[in-house]
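Q: Sequence:
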Amino acid sequence: MQIVRNLAGYTLGRSDLVRRAMSKKKASVMEKERQNFVYGNEEEGVPGCIANGIPEKTANKIYDDMIDFAKYAFNKSHAAAYAVVSYQTAYLKYYYPVEFMAALMTSVIEMPAKVAEYIYVCRQMGITILPPDINRGMYGFSVDNGAIRYGLSAIKSVGRPVIESIVKEREENGDYTNLQNFIERNLEQVNKRAIENFIKAGALDCLEGNRRQKMMTFARIVDGINQDKKNTMAGQLSFFDIVSEEEKKEFEIRMPDLEEFDKETILAFEKEVLGIYLSGHPLEGYRDIMEKMATARTADFQQDEETGFPKVIDGQKAILGGMITDKTIKYTKNNKVMAFFTLEDLVGTVEVVVFPRDYEKCQVLLNDEEKVFIQGRVSAEDDRPSKLILEKIRSFEDIPRELWIQFPDREAYGEKEQELLADLKQSPGKDSVVIFLRDVKAMKKLSAAYHVEITDSWLESMCKKYGVSNVKVLQRVLKNL
Numbered sequence: 001m002q003i004v005r006n007l008a009g010y011t012l013g014r015s016d017l018v019r020r021a022m023s024k025k026k027a028s029v030m031e032k033e034r035q036n037f038v039y040g041n042e043e044e045g046v047p048g049c050i051a052n053g054i055p056e057k058t059a060n061k062i063y064d065d066m067i068d069f070a071k072y073a074f075n076k077s078h079a080a081a082y083a084v085v086s087y088q089t090a091y092l093k094y095y096y097p098v099e100f101m102a103a104l105m106t107s108v109i110e111m112p113a114k115v116a117e118y119i120y121v122c123r124q125m126g127i128t129i130l131p132p133d134i135n136r137g138m139y140g141f142s143v144d145n146g147a148i149r150y151g152l153s154a155i156k157s158v159g160r161p162v163i164e165s166i167v168k169e170r171e172e173n174g175d176y177t178n179l180q181n182f183i184e185r186n187l188e189q190v191n192k193r194a195i196e197n198f199i200k201a202g203a204l205d206c207l208e209g210n211r212r213q214k215m216m217t218f219a220r221i222v223d224g225i226n227q228d229k230k231n232t233m234a235g236q237l238s239f240f241d242i243v244s245e246e247e248k249k250e251f252e253i254r255m256p257d258l259e260e261f262d263k264e265t266i267l268a269f270e271k272e273v274l275g276i277y278l279s280g281h282p283l284e285g286y287r288d289i290m291e292k293m294a295t296a297r298t299a300d301f302q303q304d305e306e307t308g309f310p311k312v313i314d315g316q317k318a319i320l321g322g323m324i325t326d327k328t329i330k331y332t333k334n335n336k337v338m339a340f341f342t343l344e345d346l347v348g349t350v351e352v353v354v355f356p357r358d359y360e361k362c363q364v365l366l367n368d369e370e371k372v373f374i375q376g377r378v379s380a381e382d383d384r385p386s387k388l389i390l391e392k393i394r395s396f397e398d399i400p401r402e403l404w405i406q407f408p409d410r411e412a413y414g415e416k417e418q419e420l421l422a423d424l425k426q427s428p429g430k431d432s433v434v435i436f437l438r439d440v441k442a443m444k445k446l447s448a449a450y451h452v453e454i455t456d457s458w459l460e461s462m463c464k465k466y467g468v469s470n471v472k473v474l475q476r477v478l479k480n481l
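Each step along the sequence shown adds one to the number in my numbering, with nothing skipped, and position 279 is 279.
Be a bit skeptical, because a hint or two may be false.
[Said to hold, decoys possible] Label-pair ranges, simulated between beta-carbon atoms:
(1) S107 x D223: 37 to 47 Å
(2) A90 x R19: 19 to 29 Å
(3) N135 x P97: 22 to 32 Å
(4) G308 x R5: 15 to 25 Å
(5) M1 x Y87: 20 to 30 Å
(6) I67 x E188: 55 to 65 Å
(7) A51 x M111: 35 to 45 Å
(8) C463 x V167: 48 to 58 Å
(9) G126 x E402: 23 to 33 Å
(10) K263 x I67: 56 to 66 Å
(11) A90 x Q426: 28 to 38 Å
(12) D16 x L187: 41 to 51 Å
I should point out that these hints are in silico values taken from the structure, not numbers from a laboratory.
Even glycine gets a Cβ: it sits at the ideal position worked out from N, Cα and C.
I would like the entire structure built from these sequences, with the hints used as guidance.
A: Right under this line is the structure:
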């Protein structure tokens, strides 16, 4: 970078493009840059070596040496540096896992997709993620009694100075006692939008009242405080200027008697202001089958910050599971229909492309919030987000299941066989049934005539009759959709 800047007059930003081209072995880009390096490019503000008094032959020789050097030096220097970093981070992650993961997530706090990926890793490590809390949280992710407390600055529309002011006020004058107390002490720093986002994120859950009650109350509190300030500036006495502190409490705005928002609304609010689902996920109940069926995650499609490459490669076949959002329909030049949509899994999102030849076959499943598995081909281009080209699609509900019913031995099964077969006939469907004999560890798969539809109510009745520990539902794992 220093060579092209000093000799050819490159800017810092343009010199970094040369570095990236060298690191990725982009011969066409490097050859184009040779022209700029040697002869300059007036339109792009590059003087070039010749204009700086360096002979053409010498400039080309220097550039050749740079290319040869990059063939080995770039790799070796990176390998050595990353080896040191790997040792250091491995040590910290092993001996201080909670502190390490908190620091790691703080470093990407403005990148919700990365935060979601690391939260997923934390949960696999057994680390609890606590929601943002106005009385416990800090600017970034912090350690809180062996768990990780979500960083307050991850909440949208709330800047660092605001968070620092809120934390400073809390540390100097004690915890916030209720919603009105929080607003009164911070109204010079926070506006209605910030307060609303604090509520939606769950950061004010530590104060009295549920999220719906606070949403219905905070604006009135803000307006009341602002009106008192206007009266004071106009030299007028407000009612609160002539009553005691105890009497003031009697006139505080009280929260209405309202039930909390439903789970779906709470999750939607968290997604809106945090960029991720925190207290749960619409796909949480499908985690096991997704981990078994999917061959890749959406995070694998994102460019790695260090290497600049995604984990998936162009042309790779992959199966992803998730929920459809943001579907867009477009028409080709031949007036054929194709679609684009976002597939969201437990850690992030990826764009899926549906060409006309596949759209007709799968359009019935292309609905917002539809939970599906997508089988397709990776489309990865340099410096662009990777996509998945859809080839097959299958609803989560359409993945075949197996009902396993356990008996202690053959004699016990024989006594119940006819009764069991009659029970199976009560709920005909496509899910297969397996009988397991515990004493000999033998299994028997019943014929298609006894396949069932496993509904919640029917399954509950079977569990009551044959014992909860003896009735299990297993998802079958498909290698192809």
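Q: Can the suggested window of 20 to 30 Å be confirmed for the beta-carbon pair M1 and Y87?
A: Because 27 Å falls inside the window, the suggested range holds.
Q: Starting from the range 15 to 25 Å, see whether the pair G308 and R5 falls in it by beta-carbon distance.
A: holds, 21 Å
Q: 56 to 66 Å was suggested as the range; check whether the CB atoms of K263 and I67 agree with it.
A: This hint holds: roughly 58 Å between Cβ atoms.
Q: Okay, D16 versus L187 on CB: inside 41 to 51 Å?
A: holds, 44 Å
Q: How does the Cβ-Cβ distance of A51 and M111 compare with 35 to 45 Å: does it lie in that range?
A: With Cβ atoms ~41 Å apart, the hint holds.
Q: Do the Cβ positions of S107 and D223 conform to the proposed distance bound of 37 to 47 Å?
A: holds, 39 Å
Q: Just tell me: holds or violated, for the beta carbon distance of A90 and R19 against 19 to 29 Å?
A: holds, 27 Å
Q: Assuming the hint says 22 to 32 Å, is it satisfied by the Cβ distance from N135 to P97 or not?
A: holds, 25 Å
Q: Is 23 to 33 Å right for how far apart the beta carbons of G126 and E402 are?
A: Check passed, 30 Å falls within 23 to 33 Å.
Q: Taking 28 to 38 Å as the hint, is the beta-carbon distance of A90 and Q426 inside that range?
A: violated, 56 Å
Q: Could you tell me whether the CB distance from C463 to V167 stays inside 48 to 58 Å?
A: holds, 50 Å
Q: With respect to the beta-carbon atoms only, verify the hint that I67 and E188 lie 55 to 65 Å apart.
A: Holds - the Cβ-Cβ distance for I67 and E188, about 58 Å, lies within 55 to 65 Å.
Comparing the model with each earlier hint shows a violation of hint 11 alone; every other hint is respected.
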